[in-house]
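Just so you know, the protein sequences line up as chains A and B, in that order.
Going by my numbering, the first sequence runs without a break in its numbering and finishes at 338.
Going by my numbering, the second sequence runs without a break in its numbering and finishes at 527.
Rather than coming from a laboratory, the hints here were simulated on the basis of the structure.
Mixed in with the good hints, there may be bad ones.
Claimed, not checked - One-sided and incomplete, this derived list gives chain B residues near chain A with beta-carbon spacing under 8 Å:
{"#": "1", "residue": "Val341"}
{"#": "2", "residue": "Pro438"}
{"#": "3", "residue": "Gln515"}
Claimed, not checked - Across the chosen pairs, the derived CB separations fall in these ranges:
{"#": "4", "chain 1": "B", "residue 1": "Arg424", "chain 2": "A", "residue 2": "Ala227", "range": "45 to 51 Å"}
{"#": "5", "chain 1": "A", "residue 1": "Glu310", "chain 2": "B", "residue 2": "Ile351", "range": "46 to 52 Å"}
{"#": "6", "chain 1": "A", "residue 1": "Gly309", "chain 2": "B", "residue 2": "Glu379", "range": "52 to 58 Å"}
{"#": "7", "chain 1": "A", "residue 1": "Gln9", "chain 2": "B", "residue 2": "Leu428", "range": "23 to 29 Å"}
{"#": "8", "chain 1": "A", "residue 1": "Ala227", "chain 2": "B", "residue 2": "Arg395", "range": "40 to 46 Å"}
{"#": "9", "chain 1": "B", "residue 1": "Ala459", "chain 2": "A", "residue 2": "Gly309", "range": "34 to 40 Å"}
{"#": "10", "chain 1": "A", "residue 1": "Asn187", "chain 2": "B", "residue 2": "Pro393", "range": "17 to 23 Å"}
{"#": "11", "chain 1": "B", "residue 1": "Arg457", "chain 2": "A", "residue 2": "Asn282", "range": "30 to 36 Å"}
{"#": "12", "chain 1": "A", "residue 1": "Ala3", "chain 2": "B", "residue 2": "Gly425", "range": "20 to 26 Å"}
{"#": "13", "chain 1": "B", "residue 1": "Pro456", "chain 2": "A", "residue 2": "His55", "range": "32 to 38 Å"}
{"#": "14", "chain 1": "A", "residue 1": "Ala288", "chain 2": "B", "residue 2": "Ser519", "range": "56 to 62 Å"}
{"#": "15", "chain 1": "A", "residue 1": "Glu304", "chain 2": "B", "residue 2": "Arg424", "range": "52 to 58 Å"}
{"#": "16", "chain 1": "A", "residue 1": "Met1", "chain 2": "B", "residue 2": "Arg371", "range": "22 to 28 Å"}
{"#": "17", "chain 1": "B", "residue 1": "Leu428", "chain 2": "A", "residue 2": "Tyr319", "range": "37 to 43 Å"}
As the list claims (entries may be wrong) - Only pairs whose alpha carbons sit at most 27 Å apart, straight line, appear in this in silico DSS-like list of lysine-lysine:
{"#": "18", "chain 1": "B", "residue 1": "Lys349", "chain 2": "A", "residue 2": "Lys224"}
{"#": "19", "chain 1": "B", "residue 1": "Lys392", "chain 2": "B", "residue 2": "Lys359"}
{"#": "20", "chain 1": "A", "residue 1": "Lys155", "chain 2": "B", "residue 2": "Lys463"}
{"#": "21", "chain 1": "A", "residue 1": "Lys224", "chain 2": "B", "residue 2": "Lys392"}
{"#": "22", "chain 1": "A", "residue 1": "Lys274", "chain 2": "A", "residue 2": "Lys215"}
Glycine included, each C-beta is placed from N, C-alpha and C at the ideal position.
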Amino acid sequence: MAAFGNYHQVAFAGWSVYWRLPVASGGGLEVWWADFQGHRVLWRGSQPFALVPYHGLSPTYKDGLDARCGGAPFTALKHTTPNSWAQAPGPDAASVDTDAVVVKNEPADDFNPAKLIISAKFQCGWYQYVHSWEFSSDGVITPRVAMGGHLHPSKSGVAHVHHMYFRIDLDIDGQFPRDVCEVFNHNNFNQPGGDQWTVIATQGKQLHDPDKARKWRVRNTISKNDAGQFKGYEIELPREAGRDQFSTGDIWVTIYRGDGFQQGENVGSNCTDKELETNYANGPLHPANGDDIVLWMVVRAHHEPRNLGEEADHLPYHYEEFAIVPRSFVNARAASHR
Amino acid sequence: MLVPMSDATKKMIPAIAPLKKKEERLAVEVAQRHLKGELSERYRIFPPELRIVKPGRQGAQVQRSIAVLVVDYGKGSTTEVLIDSRGKVLRSGVVEGFEPAFLIEEILEARHIAGGEPRVAKLVKGKRVFVSPFSPRHEAAQGRRQIGLHYVAARGRYGASLLADVVVDIAEGKLVQFEESPAPVERES
Chain A
1 MAAFGNYHQV
11 AFAGWSVYWR
21 LPVASGGGLE
31 VWWADFQGHR
41 VLWRGSQPFA
51 LVPYHGLSPT
61 YKDGLDARCG
71 GAPFTALKHT
81 TPNSWAQAPG
91 PDAASVDTDA
101 VVVKNEPADD
111 FNPAKLIISA
121 KFQCGWYQYV
131 HSWEFSSDGV
141 ITPRVAMGGH
151 LHPSKSGVAH
161 VHHMYFRIDL
171 DIDGQFPRDV
181 CEVFNHNNFN
191 QPGGDQWTVI
201 ATQGKQLHDP
211 DKARKWRVRN
221 TISKNDAGQF
231 KGYEIELPRE
241 AGRDQFSTGD
251 IWVTIYRGDG
261 FQQGENVGSN
271 CTDKELETNY
281 ANGPLHPANG
291 DDIVLWMVVR
301 AHHEPRNLGE
311 EADHLPYHYE
321 EFAIVPRSFV
331 NARAASHR
Chain B
339 MLVPMSDATK
349 KMIPAIAPLK
359 KKEERLAVEV
369 AQRHLKGELS
379 ERYRIFPPEL
389 RIVKPGRQGA
399 QVQRSIAVLV
409 VDYGKGSTTE
419 VLIDSRGKVL
429 RSGVVEGFEP
439 AFLIEEILEA
449 RHIAGGEPRV
459 AKLVKGKRVF
469 VSPFSPRHEA
479 AQGRRQIGLH
489 YVAARGRYGA
499 SLLADVVVDI
509 AEGKLVQFEE
519 SPAPVERES
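This is chain A alone, in the form it adopts within the complex (with noise of 0.2 Å):
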């Protein structure tokens, strides 16, 4: 059996999930399949590759997959690897997937439901990465990425900022039929009719708005639960720094074209996020039929660093996150059940 690349199954908390860690893309750990009470709601989640900026304009950074501007690739690292200055190429290297993903089955609890999460590091210069994709009882997938190991060794006092960028590509209950995606906007305080959804008609990049608890939905055209709605999933992107030059948009809505292509590669040519809206989200939808809808999206962090304090020897984990939340995708009977 070949040491990285192939797909592992998982199941907990009523998911089936599959692992992957490629080797080639250098763009870390991907979900597969993820079926939750016997329904397809993902076909593949990852988050490929990250801009990082520092004050000064300089260094740029492009992690992960297709590394540019001085970034690197992540390589999998053991999972038991301490966060400090790991030997990759070296005995933290993992040798094979397995060494590197760590799959937890968290039971519920008085607090929380039960969870399936699946965890990886990778060694991404001085930085390691933590990748972490966890999947709830009640039908909730988180996707975590963390950073640690140490600061820029000659820049360890200058602030910089995590773009992460997540590709998600969503197939509610399957991917036929197709679905559409919506943005949320909470208006005003007018009952009926102060929140609105507005269905996406062309492919293209999103902005976030904090004020307007604006979220976004992939969901289904035909396919409905049994009250007799219609099944998605929403997107909540919580926000912890702003857009930029090099980062610029929140949420890119396209569709699938393959899944060799279109991941990550060709972004970043002058070290910014543009290539997102004029290569890949590009195109007309089609919002009566449906596409096949793929998202990308931005996870962020602005890092003030602790140089000469907490972060003076190592950089704990810091994990940011993000919410794909169901709507009107599990019936209220099996809701109750869980």
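Starting from the structure of chain A, add chain B where the hints point.
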């Protein structure tokens, strides 16, 4: 009890089963045969990986295919050969605008080449050194296969200092860039 796996995934199980050694060998042989005469003298074949693509129409089965990447050092290009489970070539072409991640073997080779450079050897002598790869590429085109290496030395109880950034051209087998970092300014105690 609710079964978590969907019917769609159950139908895919044979197509997504782990790649067998026999399949790997066959895929490499087929790719090499297919590219015979097109490759330069120096190339590297990446470990074959399964490639599962969504079916184009409702009711169609997911097909098992195997992708073989060949990085041609001499030409500065990467070719992907996509092969079905019986060894038939489905598609082949140069991959534009994507550079595959460095393999461990390539990083070790780059370190070996850099280590033979007297300036690097002198710099790291007697120090506890951490070496990590980076991509020096900025432009969209792939170009020559070059591996950057950061040399970092531990300094004192905490912290570290960047000694140098070097770039190794794998095709040429030589160091093409050496940038020594200025000595760090010691903090006032």
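### Query
Broken hints, numbered, in rising order?
3, 8, 10, 11
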